[in-house]
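**Q** Given next are the chains, with one letter for each unit.
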Amino acid sequence: MRLLTHNMLSCNIKGVTKGFPLSIEVQRLDTKDADFNPDFLRNIFPKLEWKAFHDAAVSIGLNDIPEQVDPTMLEDHEFLQKFHHALLEVHLEEGALICPETGRRFPVTKGVPNMLLHEDEV
Amino acid sequence: MADCRRPDLMRTLSSMPHRKSLQRQISSPPLCSGEKGNVFSAWHAQVDNKGDGELQTDDDDGSLGHYAVVDSPRRRIASVRLVARHPEVYEPCDDSFALVDALLADKVNLLERQPSLCLEVGCGSGYVITSLALLMGGGHGTHYIATDISSAAAQVTCNTLASHGVEADVIVTNLVTGLEKRLAGSVDVLVFNPPYVPTPEDEVGAAGITASWAGGDRGRTVIDRMLAIVDLLMSSKGLFYLLTLTANNPGEICQIMKKKGFASRIVIQRSTEEESLHVLKFWREDVKDLSENGSPATLSNSLSAKISRLAFWR
Ligand SMILES: C[S@@+](CC[C@H](N)C(=O)[O-])C[C@H]1O[C@@H](n2cnc3c(N)ncnc32)[C@H](O)[C@@H]1O
Chain A
1 MRLLTHNMLS CNIKGVTKGF PLSIEVQRLD TKDADFNPDF LRNIFPKLEW
51 KAFHDAAVSI GLNDIPEQVD PTMLEDHEFL QKFHHALLEV HLEEGALICP
101 ETGRRFPVTK GVPNMLLHED EV
Chain B
1 MADCRRPDLM RTLSSMPHRK SLQRQISSPP LCSGEKGNVF SAWHAQVDNK
51 GDGELQTDDD DGSLGHYAVV DSPRRRIASV RLVARHPEVY EPCDDSFALV
101 DALLADKVNL LERQPSLCLE VGCGSGYVIT SLALLMGGGH GTHYIATDIS
151 SAAAQVTCNT LASHGVEADV IVTNLVTGLE KRLAGSVDVL VFNPPYVPTP
201 EDEVGAAGIT ASWAGGDRGR TVIDRMLAIV DLLMSSKGLF YLLTLTANNP
251 GEICQIMKKK GFASRIVIQR STEEESLHVL KFWREDVKDL SENGSPATLS
301 NSLSAKISRL AFWR
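The listed protein sequences derive, respectively, from chains A and B.
Quick note: the first sequence uses UniProt numbering, first residue 1, plus one each step.
Quick note: the second sequence uses UniProt numbering, first residue 1, plus one each step.
Don't take each hint at face value.
[What the hints assert, rightly or not] List time: in silico DSS-like cross-link candidates among lysine-lysine, alpha-carbon distance up to 30 Å: (1) K18(A) <-> K181(B); (2) K14(A) <-> K260(B); (3) K259(B) <-> K82(A); (4) K32(A) <-> K181(B); (5) K47(A) <-> K258(B); (6) K107(B) <-> K47(A); (7) K51(A) <-> K237(B); (8) K258(B) <-> K110(A); (9) K51(A) <-> K259(B); (10) K258(B) <-> K51(A); (11) K181(B) <-> K14(A); (12) K259(B) <-> K14(A); (13) K181(B) <-> K47(A).
Derived by calculation from the structure, the hints in this document are not laboratory data.
The task is simple: from the sequences and hints, build the whole structure.
**A** Next up, the structure:
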């Protein structure tokens, strides 16, 4: 699971109002090369919750993502490289995503988050 | 389809008691191979005319692929040979192929919309999402997400994506639970080959491979749950491709979607002796369907009428 995936997920248990962002519990991280595609980065940028991305990056030990950004930075190659790496190349292979409101743990196994809810949570 | 004769697929299919029509195809191979009078062969001719001219079936060499891409440095859709497998995961079959063929047939329209986000629900083997990403041709910055209720399917999809060098986010969930908040209003392409076989209600979502085909009453249980959230997910230019069986009452599905403000048409219809598959396409009525002009499958208001005429092929 990439940080991009993390940025798209929230806890949807019935009654939860603040299910985003999920915090990350790391058991194992992996780094995999991904094709560098500035178009993809520029396209995804406006869709990201930047603070959630920044905080998630910090929580897994990636400290070179700026807290504040503006679209002009998307022309800066050095920034794009760091953005690319944190968003797309670092994978949570084993661990969990945790709901900020209820503490519910959503396991991440072999790189895939499991967001299935139990019957009493729907 | 040649693939229906594969022994490993037969094993999977014979463990699906409700997929009678698919079993029938195995016992009568000519139905699968596009012989005279079969809707498949007529349709293939149509796609070959419309498409890039690079597609050909590779039935004749006895190999397993759906299509081979000739003289192209890039594959246009996923290769059945590279699709990962698992005994509890639905393997690509006629419905999967119909859906991918629909996407291929609508490729120009898909590309014109420049989708930022494509989502497949119920990705199974990953054949469809991988094909979608390949036919869209990477490079455009499109983000792909695939979900399945089965963790085995999610793993298999990851492997299929990897073997084709395609990137997508894969999530185990019920339809789009956990994604709906962040994806609301931003899905540009939504694809769903649902569990569509009419079954007793208690088989819906059952363990193992049953969940891949068990669709409850009229095969509509999971479809209807999906229809209820399409409006929430779709962007203004969004396209939704849904595979259905005649038993699912596609005409009624179109009516339901019409009430939500979606226009529809059949992109592909394909029939075996017993089963008639349709790929329906929906888009917001206030946004023009770019492919409406001159497409052989064009339908406007007469969709329900057309579908009832299709009963002829059943
Ligand atoms: C007919 S198979 C299609 C598989 C693949 N997309 C294809 O076309 O070959 C339906 C898939 O939907 C999945 N599925 C069934 N119910 C689901 C649900 N409620 N949410 C997500 N996926 C579901 C099944 O596990 C299965 O993989």
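**Q** Mind checking the alpha carbons of K18(A) and K181(B) for me, to see if they're no more than 30 Å apart?
**A** Roughly 11 Å separates the two Cα atoms, so the pair holds.
**Q** Given the hinted pair K47(A) and K258(B), is their Cα-Cα distance within 30 Å?
**A** It holds: about 29 Å lies between the C-alpha atoms, which stays within 30 Å.
**Q** Keeping to a limit of 30 Å between CA atoms, is the pair of K51(A) and K237(B) held or broken?
**A** Since the Cα atoms of K51(A) and K237(B) sit roughly 28 Å apart, the hinted pair holds (cutoff 30 Å).
**Q** Within 30 Å, alpha carbon to alpha carbon, are K181(B) and K14(A)?
**A** 13 Å, holds
**Q** Is it true that the CA of K259(B) sits at most 30 Å from the CA of K14(A)?
**A** 27 Å, holds
**Q** Are K14(A) and K260(B) close enough, with their CA atoms no more than 30 Å apart?
**A** 25 Å, holds
**Q** Holds or violated: K259(B) and K82(A), Cα atoms, limit 30 Å.
**A** Judged against 30 Å, a Cα distance of about 46 Å means the pair is violated.
**Q** When you check the alpha-carbon spacing of K107(B) and K47(A), does it fall within 30 Å?
**A** Judged against 30 Å, a Cα distance of about 25 Å means the pair holds.
**Q** Hinted pair, alpha-carbon criterion (30 Å max): K51(A), K259(B). Please report holds or violated.
**A** 38 Å, violated
**Q** Would you check the hint for K181(B) and K47(A), treating anything up to 30 Å between C-alpha atoms as holding?
**A** 12 Å, holds
**Q** Does K181(B) lie within 30 Å of K32(A) when you go C-alpha to C-alpha?
**A** 28 Å, holds
**Q** Between the alpha carbons of K258(B) and K110(A), is the straight-line distance 30 Å or under?
**A** Violated, because 41 Å separates the two Cα atoms, which is more than 30 Å.
In summary, the structure is inconsistent with hints 3, 8, 9, 10 from the numbered list given earlier, while agreeing with the others.
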